[in-house]
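Engineer: Just so you know, the protein sequences line up as chains A and B, in that order. What the first sequence shows, in the working numbering, is residues 1 to 317, in sequence order. What the second sequence shows, in the working numbering, is residues 318 to 663, in sequence order.
Please keep in mind that the hints were generated in silico from the structure rather than gathered at the bench. A hint or two may mislead.
[Stated by the list, open to error] The calculated label-pair distances, taken between Cβ atoms and stated as ranges, are:
#1 A:Gly277 <-> B:Lys361: 44 to 50 Å
#2 A:Phe74 <-> B:Phe460: 38 to 44 Å
#3 A:Val21 <-> B:Trp475: 19 to 25 Å
#4 A:Ala51 <-> B:Thr411: 50 to 56 Å
#5 B:Thr411 <-> A:Val21: 30 to 36 Å
#6 B:Ala554 <-> A:Phe74: 52 to 58 Å
Every residue gets a Cβ at the ideal spot worked out from N, C-alpha and C, and that includes glycine.
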Amino acid sequence: MGRFVIRRVVGMVVVMFAVSVLTFLIFNVIPNGDPADRMAGKNSTPVQIAAIEKEWGFDKPIYTQYVTTMEKVFTGDLISYANQTNVVEEIRRGIPRTFALAIGAALLWFAMGTALGLYTAMRAGRWTDTLVTVLALIGVSMPVFWLGALASYYLGFKLGLFPNGGYAEIGEEGLWEWVKHMILPWCVLATLFVGVYSRVLRSNVLDTINDDYVRTARAKGLSERRVMIHHVLRNSLIPIVTLWGLDFGAVLGGGAILTETVFDLQGVGQYFAESIGQLDVPPVLAVTIFGAFFIVLLNTLVDIVYAALDPRIRLTS
Amino acid sequence: MSIADSSVQPDLSPVVNDGGQAEAEAAPGLSPWASAVRRLRRNKAALIFGALFILLVALALAAPLWAQIADTTPAKNHLSDTIVVNGKSEQVVTFDGVPIAPTWQTKFFLGADQNGRDVAVRLLYGARNSLFIGLTAAIITAFLAVLLGTLAGYFRGWTDAVISRSLDIMWAFPVLLLGVALGVSLALGGLKIGPIQIQGGSLWIPTLIIGVVSVVYLARPIRGQVLSLREKEFVEAARAQGAGPIRIMFGELLPNLASTILVFFPLLVANSILLEAALSFLGAGVQPPEPSWGTMLSDGVVLLSTAPHLTIVPGLMLVLTVLSLNVFGDGVRDALDPRAKVRLEH
Numbered sequence: 001m002g003r004f005v006i007r008r009v010v011g012m013v014v015v016m017f018a019v020s021v022l023t024f025l026i027f028n029v030i031p032n033g034d035p036a037d038r039m040a041g042k043n044s045t046p047v048q049i050a051a052i053e054k055e056w057g058f059d060k061p062i063y064t065q066y067v068t069t070m071e072k073v074f075t076g077d078l079i080s081y082a083n084q085t086n087v088v089e090e091i092r093r094g095i096p097r098t099f100a101l102a103i104g105a106a107l108l109w110f111a112m113g114t115a116l117g118l119y120t121a122m123r124a125g126r127w128t129d130t131l132v133t134v135l136a137l138i139g140v141s142m143p144v145f146w147l148g149a150l151a152s153y154y155l156g157f158k159l160g161l162f163p164n165g166g167y168a169e170i171g172e173e174g175l176w177e178w179v180k181h182m183i184l185p186w187c188v189l190a191t192l193f194v195g196v197y198s199r200v201l202r203s204n205v206l207d208t209i210n211d212d213y214v215r216t217a218r219a220k221g222l223s224e225r226r227v228m229i230h231h232v233l234r235n236s237l238i239p240i241v242t243l244w245g246l247d248f249g250a251v252l253g254g255g256a257i258l259t260e261t262v263f264d265l266q267g268v269g270q271y272f273a274e275s276i277g278q279l280d281v282p283p284v285l286a287v288t289i290f291g292a293f294f295i296v297l298l299n300t301l302v303d304i305v306y307a308a309l310d311p312r313i314r315l316t317s
Numbered sequence: 318m319s320i321a322d323s324s325v326q327p328d329l330s331p332v333v334n335d336g337g338q339a340e341a342e343a344a345p346g347l348s349p350w351a352s353a354v355r356r357l358r359r360n361k362a363a364l365i366f367g368a369l370f371i372l373l374v375a376l377a378l379a380a381p382l383w384a385q386i387a388d389t390t391p392a393k394n395h396l397s398d399t400i401v402v403n404g405k406s407e408q409v410v411t412f413d414g415v416p417i418a419p420t421w422q423t424k425f426f427l428g429a430d431q432n433g434r435d436v437a438v439r440l441l442y443g444a445r446n447s448l449f450i451g452l453t454a455a456i457i458t459a460f461l462a463v464l465l466g467t468l469a470g471y472f473r474g475w476t477d478a479v480i481s482r483s484l485d486i487m488w489a490f491p492v493l494l495l496g497v498a499l500g501v502s503l504a505l506g507g508l509k510i511g512p513i514q515i516q517g518g519s520l521w522i523p524t525l526i527i528g529v530v531s532v533v534y535l536a537r538p539i540r541g542q543v544l545s546l547r548e549k550e551f552v553e554a555a556r557a558q559g560a561g562p563i564r565i566m567f568g569e570l571l572p573n574l575a576s577t578i579l580v581f582f583p584l585l586v587a588n589s590i591l592l593e594a595a596l597s598f599l600g601a602g603v604q605p606p607e608p609s610w611g612t613m614l615s616d617g618v619v620l621l622s623t624a625p626h627l628t629i630v631p632g633l634m635l636v637l638t639v640l641s642l643n644v645f646g647d648g649v650r651d652a653l654d655p656r657a658k659v660r661l662e663h
């Protein structure tokens, strides 16, 4: 097990390195305008541009630029081209917001997905089952920013049930205000996943429900409730937890960019969206690496948990 | 499964099977394909939504026809025009900049947008662009995924190592962030790959981006399937007859991958359409004045309080299209793979 973990962690570092190099290359190769040119402004002389190039190190060979940029990412000295703010500071400011959104939504979709999945499995083939399946498919077919904009306008602005976007600091405005600002974003983001989760769980439950150990549990006189929760659900949940880990990583790693933007939560994703609009390479690079880190981290964690549960995986991979 | 929030989250995991209601085994004498078609034909919901999708495509193709009836073009401004609605003369866009709501007559059937353009006409032309991107991107994804998955699975060894590690790296990329970043930079500068040159505003830029970033979802399952197929007797037989790798891959393996590709295809199209909308919403997809559902939504959302039809109309159209593909795709999967063996690997 120890060797498996080490191998996975080394793999993770290698992938992260590759991601950072690739992202860096993409933004240096793609013709997106010379950053020095843009920083110097419209009426600039070649001398001014050359001075900016020297100051920011754009005249150095590309691998030197990569190394210095990565150094700055780790020391927290990375500076934006567009407005000269500290990129790492900006990301740090966005992290609690992005985490609040991702964690809340992930818990919500997990709970709702599990409950609905179990409910529909126990009523497989009846009209409630069909109804939930239809709703689930509608949920995955909606663009999140569309649903978010409609919810924010009609429930927030028109009916006044919720604040119309924005984020409230717990420390400043209190817990209740924070929850009120987060309810709609949580629900909207979770809507996309609930459908998938309930359907995956439903099929898993239907697969396990006919297994021998379930029959044994029933035969020894356990209540239906106990059989469902302790025997069927427990075993059906494993794939769901895997899926949940991966999706959670993806949402943390930039997947919530649309939800953040639509609700103006000012998280890491929104920071990215605003930076790319100005073709500001340092924040784009840093947020991409930040996102990739969480995706890879959750992937690795899921693999390790899986291997801990099932020794066969350790041997084959 | 992970491109997160974004309804862009593809429901590419064809995982649901209908456990309880196991399909009756196919009648003897029917080929697997024939029995799949028979199962699909029995699935009323899938057929209805499949027909709905075809109808939507037909509507998109008929866009110039409606433009002629409405006597305008998707890019034509009618800012200072007036129009007679229910006997009253109304301005297409008021002095406060509020566009007219749906009139339900030939001109401005679904209202106008902030530039006084006919929403219905733009919706149909936008459908062309959104569907073009969705279908073409899915074809690109399927082509690349099959190519990479087959090569990796068939040759194994270092070919597999290179392809699989590259897929691992792609998997680690935050897809939406990558798509947005590429979309914005390429929209400005265009793209040059050898002799091929693509202009900045071209539809091909979002198409290519979406097509490429989705490859990983299909390439992994294909590789897995090829790994097990290549050990089967029929491949061994072909090899014994002297067939080379190319013939084995295209003649023997590809037909066996067809059902997996068919199962994924409608879901890939649905997902590509959603991704187009997401990219366009963030300014990284289709570039104005070219209409697409994503750009229409992006323009409409800011005017939600004065002109809700600009948000609701293209949104409903998009949801209807993606839903029809998802339900139909669901039916195809149940028909081809009633025990749902095709799962998305992680």
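Engineer: Would you mind marking each hint as holding or not holding in the structure?
Structural biologist: Going through the hints against the structure:
1. A:Gly277 <-> B:Lys361: 44 to 50 Å: holds, 46 Å
2. A:Phe74 <-> B:Phe460: 38 to 44 Å: holds, 40 Å
3. A:Val21 <-> B:Trp475: 19 to 25 Å: 21 Å Cβ-Cβ, so the 19 to 25 Å window holds.
4. A:Ala51 <-> B:Thr411: 50 to 56 Å: Distance hint for alanine 51 (chain A), threonine 411 (chain B) holds at roughly 51 Å.
5. B:Thr411 <-> A:Val21: 30 to 36 Å: violated, 54 Å
6. B:Ala554 <-> A:Phe74: 52 to 58 Å: Cβ of alanine 554 (chain B) to Cβ of phenylalanine 74 (chain A): about 56 Å, so the range 52 to 58 Å holds.
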